[in-house]
Amino acid sequence: MTSSDQPQDQGEGLDPAVDPLDAEFAQLEESSASDADTLNRDLAERTADLQRLQAEYANYRKRVDRDREVSRELAISAVLSELLPVLDDIGRARTHGELEGGFKLVGESLEATVARLGLESYGQAGDVFDPMIHEAIAHSHSDEVTQATCVEVFQPGYRFRDKIVRPARVAVAEPE
1 MTSSDQPQDQ GEGLDPAVDP LDAEFAQLEE SSASDADTLN RDLAERTADL QRLQAEYANY
61 RKRVDRDREV SRELAISAVL SELLPVLDDI GRARTHGELE GGFKLVGESL EATVARLGLE
121 SYGQAGDVFD PMIHEAIAHS HSDEVTQATC VEVFQPGYRF RDKIVRPARV AVAEPE
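1 is the number of the first residue of the sequence shown in this note's numbering; add one for each residue after it.
Everything hinted at is true.
With beta-carbon atoms standing in for the labels, derived distance ranges:
| id | residue 1 | residue 2 | range |
| --- | --- | --- | --- |
| 1 | Glu176 | Arg94 | 30 to 38 Å |
| 2 | Glu24 | Tyr57 | 44 to 52 Å |
| 3 | Ala55 | Glu174 | 54 to 62 Å |
These are calculated hints, taken from the structure and not from any lab test.
The beta-carbon is built from N, C-alpha and C at its ideal position, and this holds for glycine as well.
Given these sequences and hints, build the entire structure.
Rendered as C-alpha cells:
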C-alpha cells in the first residue's frame, strides 16, 4: 500500500470550510426545534378548536332535539284544544243517555286516543277550589264546607302533561 492509500487520521486534514458547516448545522437544529415547538403549539390550538367545535355541535343537537320536542308538544296541544268541544259534546250526550251504538264506540275511541296523547280531564264536585286550575262561574256560601270548594262542575277542565289546556268551569261554595 502506498501512503496515499492509507486512511488518514480523522482529525487530520479536515477542510477548514467544515467549521462553518457545523455552525450552519447547529443553526438548522435550533431552527427545526423552534419549528417543532411552533407545530406543537399549532397542533394544540387545532385540537382545542376541534374540541370546542365538537362541544358546540353536541349543544346544537341537544337544542334542536329540545326545540323539536317543544314544537311537537305545541302541535299536539293545539290539536287537542280544537277537540275539546267535541269531547264536551260526547260527555253531554253520555250524561243525557244519547250516546248509543256506533256513536258510543266512536266517542270511547276518541277519548282513549286523546288520553294516550296525554290529555287528562279533571274537575269533580267536592274538589278544593284552586284558581290556577278552576274558573269560578258561580259563587255561594255554605255551612257544609270548611274551605272554598267546587260544588258543581259546569265544564270539565283539561290538562296536557303539566300544562292547563282549559280550566274547569265550576260553582264555588265558601264557608259562611
